[in-house]
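Colleague: Put together the whole structure using the sequences plus the hints.
Keeping their order, the protein sequence lines are chains A and B. Counting along the first sequence from 1, when you hit position 314 you're at 314 in the working numbering, and nothing is skipped either side. Counting along the second sequence from 1, when you hit position 261 you're at 261 in the working numbering, and nothing is skipped either side.
I should point out that these hints are in silico values taken from the structure, not numbers from a laboratory. Among the clues, some could well be false.
Heads up, incomplete: computed chain A residues facing chain B, CB under 7 Å, no partners named [as the list claims (entries may be wrong)]:
id, residue
1, Arg-109
2, Ile-276
3, Leu-286
4, Val-303
We treat Cβ as the ideally placed atom computed from N, Cα and C, and that holds for glycine.
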Amino acid sequence: MSAAQADGRAARREESAVERLYGWVDDRFAISRGGRHLLDKIFPDHWSFMLGEIALYSFIVLLVTGVFLTLYFVPSEHDIVYNGVYGPLRGQTVSEAYASTVNLSFSVRDGLLMRQMHHWAANIFVGSIVVHMLRVFFTGGFRRPREINWMIGATMLILAIFNGFLGYSLPDDLISGTGIRIAYSILESIPFVGTYLAYFLFGGSYPGTAIIPRFFIIHVLILPLVILGLLAAHLGILVRHRHSQFPGRGAREDNVVGSPLWPAFAAKTGGFFFLIAGVTALLGALVQINPIWLYGQYYPYKVSYAVQPDWYMGWLDGALRVMPSWEINLPGHMVPTIFFPAVLLPGITFGLIYAWPLIEAKLTGDYAEHHLLDRPRDKPLRTAIGAATFSFYFVLFGASATDVLANYLTVSLNVVLWAFRIACIVVPIVVFPVTYKICREIQETPGAGSRKRPNIVVRSAEGGYEVVPSEEYPGYVEREPDLEPVPVEEVDVVGAMQPEQEETPEGIYRIPRVFR
Amino acid sequence: MLLRVLRQAATPAGVVVAAAALAMVLYPPHGRGAGAQGGGSTGRLAAPALVDKTSPSRSAQLALGRTLFDENCSSCHGIDAQGSKLGLDLRGVGAAVVDLWVSSGWMPLAQPTIEPIRKPSKFDRQQTEAIANYVASLAPGGLPIPKVDLKGANAAEGFSVFALNCAPCHTITGAGDALSSELSAPPLHGLTPTQVAEAVRTGPGTMPTFNSFVISKQQLVDVVDYVTRHIEHPDSPGGLSLGGVGPVAEGFVGLFVGVGACVLIALWIGERDRHEGHGGGHGGGQGGGEPAGPGERLAVGAAQGGVPVAVQSSGEGGVDA
Numbered sequence: 001m002s003a004a005q006a007d008g009r010a011a012r013r014e015e016s017a018v019e020r021l022y023g024w025v026d027d028r029f030a031i032s033r034g035g036r037h038l039l040d041k042i043f044p045d046h047w048s049f050m051l052g053e054i055a056l057y058s059f060i061v062l063l064v065t066g067v068f069l070t071l072y073f074v075p076s077e078h079d080i081v082y083n084g085v086y087g088p089l090r091g092q093t094v095s096e097a098y099a100s101t102v103n104l105s106f107s108v109r110d111g112l113l114m115r116q117m118h119h120w121a122a123n124i125f126v127g128s129i130v131v132h133m134l135r136v137f138f139t140g141g142f143r144r145p146r147e148i149n150w151m152i153g154a155t156m157l158i159l160a161i162f163n164g165f166l167g168y169s170l171p172d173d174l175i176s177g178t179g180i181r182i183a184y185s186i187l188e189s190i191p192f193v194g195t196y197l198a199y200f201l202f203g204g205s206y207p208g209t210a211i212i213p214r215f216f217i218i219h220v221l222i223l224p225l226v227i228l229g230l231l232a233a234h235l236g237i238l239v240r241h242r243h244s245q246f247p248g249r250g251a252r253e254d255n256v257v258g259s260p261l262w263p264a265f266a267a268k269t270g271g272f273f274f275l276i277a278g279v280t281a282l283l284g285a286l287v288q289i290n291p292i293w294l295y296g297q298y299y300p301y302k303v304s305y306a307v308q309p310d311w312y313m314g315w316l317d318g319a320l321r322v323m324p325s326w327e328i329n330l331p332g333h334m335v336p337t338i339f340f341p342a343v344l345l346p347g348i349t350f351g352l353i354y355a356w357p358l359i360e361a362k363l364t365g366d367y368a369e370h371h372l373l374d375r376p377r378d379k380p381l382r383t384a385i386g387a388a389t390f391s392f393y394f395v396l397f398g399a400s401a402t403d404v405l406a407n408y409l410t411v412s413l414n415v416v417l418w419a420f421r422i423a424c425i426v427v428p429i430v431v432f433p434v435t436y437k438i439c440r441e442i443q444e445t446p447g448a449g450s451r452k453r454p455n456i457v458v459r460s461a462e463g464g465y466e467v468v469p470s471e472e473y474p475g476y477v478e479r480e481p482d483l484e485p486v487p488v489e490e491v492d493v494v495g496a497m498q499p500e501q502e503e504t505p506e507g508i509y510r511i512p513r514v515f516r
Numbered sequence: 001m002l003l004r005v006l007r008q009a010a011t012p013a014g015v016v017v018a019a020a021a022l023a024m025v026l027y028p029p030h031g032r033g034a035g036a037q038g039g040g041s042t043g044r045l046a047a048p049a050l051v052d053k054t055s056p057s058r059s060a061q062l063a064l065g066r067t068l069f070d071e072n073c074s075s076c077h078g079i080d081a082q083g084s085k086l087g088l089d090l091r092g093v094g095a096a097v098v099d100l101w102v103s104s105g106w107m108p109l110a111q112p113t114i115e116p117i118r119k120p121s122k123f124d125r126q127q128t129e130a131i132a133n134y135v136a137s138l139a140p141g142g143l144p145i146p147k148v149d150l151k152g153a154n155a156a157e158g159f160s161v162f163a164l165n166c167a168p169c170h171t172i173t174g175a176g177d178a179l180s181s182e183l184s185a186p187p188l189h190g191l192t193p194t195q196v197a198e199a200v201r202t203g204p205g206t207m208p209t210f211n212s213f214v215i216s217k218q219q220l221v222d223v224v225d226y227v228t229r230h231i232e233h234p235d236s237p238g239g240l241s242l243g244g245v246g247p248v249a250e251g252f253v254g255l256f257v258g259v260g261a262c263v264l265i266a267l268w269i270g271e272r273d274r275h276e277g278h279g280g281g282h283g284g285g286q287g288g289g290e291p292a293g294p295g296e297r298l299a300v301g302a303a304q305g306g307v308p309v310a311v312q313s314s315g316e317g318g319v320d321a
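Modeller: What follows is the structure, encoded as structure tokens:
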């Protein structure tokens, strides 16, 4: 036994079993290098960068609760006689899909909680994607080099909306069945190919018996896989590009100021995950969602008034409601009313979302790379366009509740409908100049957005008054940021030992970010 | 069977029985006081001539009904319920109609020009029945106040009948909703079995009348059972029901409570108010608006040019300049 071998043995003996196992794996896969790269990724601390994480974590909640639900859900339209615990359904002929959903709500321990958590998490998932997207839009986070990641995000939004629709259609209840009926008509409305598409998707004419099994496999397998793949790409590109950031406090185009993934950001984001899961669990436990036992089995000849889709389809439903009944009669072919709000509108919407990075670059001539984000007020035109467009969809979203609003405000339904028809044109026209003007005025206001300092009014002995601005706040010291480099010695032990990297100073590697 | 009936009808006694039966069909007993409700008079022909033979309690009830009618209803509906410019002719509408409109608080109106709305009834049960029976006693026609016995009701059948006939306007949860123009379907919560049966059979306002050809006697009992006992689901699981108006309310909660809470959490654990040119000395890290201590640690990501400021990882991840 040579001396070197003996030293190696002695060194190994000092390592713990975990360290030795890690070393064994690392010798073979070199996970330390890439792993360290990941662990030291810097995340800016600003709260608005955590909006996408809400979507990520609610997606995890969706996966976990969804797996639970698939254990009990039967994706079949086969008719059976309900014989479960819920009295008003006992003896009714229902589909296996409906019966199994009611049974998993009432007869499976925690089943209803899981169902409601799943549904609430879906609402939060799509909502947080929209909020995240608004943040990226208004701060210009989609500009070069992040155009592709913006488009991947938009694709995930579309898929999330679709998957939500498929998911709430699965229980085969009265309300979602009406939604499927509408979806079938929307498909049919597409000129020339619509009927074929509808037959293809439904396996024949409406309603058929194929739709629930098909929706099921798309909902639980295909779309989640695609979303997972896109999510991996989204995050991979995020790591590749490094994080964008707001200017200030030492932030420059060529660096990232924030906390490293390990340990600071991991602790923060891990806690964030549990808080998001907690919000979902609280909503699932305390607030009823989609009580299908009240709705009953869907039959094409039964219908309930006041049927709306879930909110993320609401803007489409609202567009259907406010659209006047105009048809186009081509020779030998009629394009029905619903084609315009339900096919053309979403087509234009998502086309614009996809193309916006290219449109803006073309309009401004700004093809440069940007890692520092804009403040919305500094780009008043973009902010105004975004706000006006968003207000249009928000009005459409409100229009999906015309009947509920008319009922609660005790006004005529027709009045509410006409109010929305006018509002979806007028509101964006008003929002645009108002937003533009507000942006301009904030720009011109010195100290806008910074912490306000209270004025203290002091009364003197003579009875006069004097206004004294207070200290900004107790203990405030104006100082330069105390930026601390990530220590290298601790972080890249394995990499530093490797001889081929010695051309750079030991333990120090440049991380370039400008890709040209 | 039919032959036997015909043969019996040929005898003098049969003629009397058949005539009575025919009269029963053509002129069903219409709210002659307690007898009509209790079924006491249903076996006999309740002809106007029998009014004199009413029991003292029934005549007392009719007297009470007359007093209440004169005080509360006659200003619009006329002193003999013959109607006026302000109110409908109530002769022959039957006790069920009057009972429904009075017990639901729709009538009497505060002013003759306003729309009827549901409110606590002005009268107690005894007074309401007195008014209804008094109005019914003025002219033949209409239905008596129905007596609904929920024993033997089948809630599942009632649910099915409800989904087919009632949900298209009242919504499947019975929450009610605005229909086209000024019309609306009222919520079905907090109703008595008698009111539900009266509404189904008499069709108040723009509501269609569902007679026994559409909803059979047993189905009526079933649907009354479903509406009065199950639709509100006092023990419905799952938490707050959000008014039973469906996905609109759920969407608002999902967006403004769900996403809102998540964004507030992000605000709480993320960094706020960092601004350009603000000096940037505060707000670092998890403390939110707290001033940063001198030891606060921030990290800088990448370096520019050849001046390494900080390090993140091995060079593999980046693209070399």
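Colleague: Next step is simple, just say for each hint if it's right about the structure.
Modeller: Checked hints:
1. With its C-beta approaching chain B no nearer than about 13 Å, Arg-109 (chain A) sits outside the 7 Å limit, and its interface hint is violated.
2. Hint status for Ile-276 (chain A): holds, given a least beta-carbon distance of 6 Å to chain B, under 7 Å.
3. With a cut of 7 Å, the hint placing Leu-286 (chain A) at the interface with chain B holds, because the nearest CB-to-CB distance is about 4 Å.
4. Look at Val-303 (chain A): its Cβ gets to within about 5 Å of chain B, closer than 7 Å, so that hint holds up.
Violation of the numbered hints given earlier is confined to hint 1; every other hint is satisfied by the structure.
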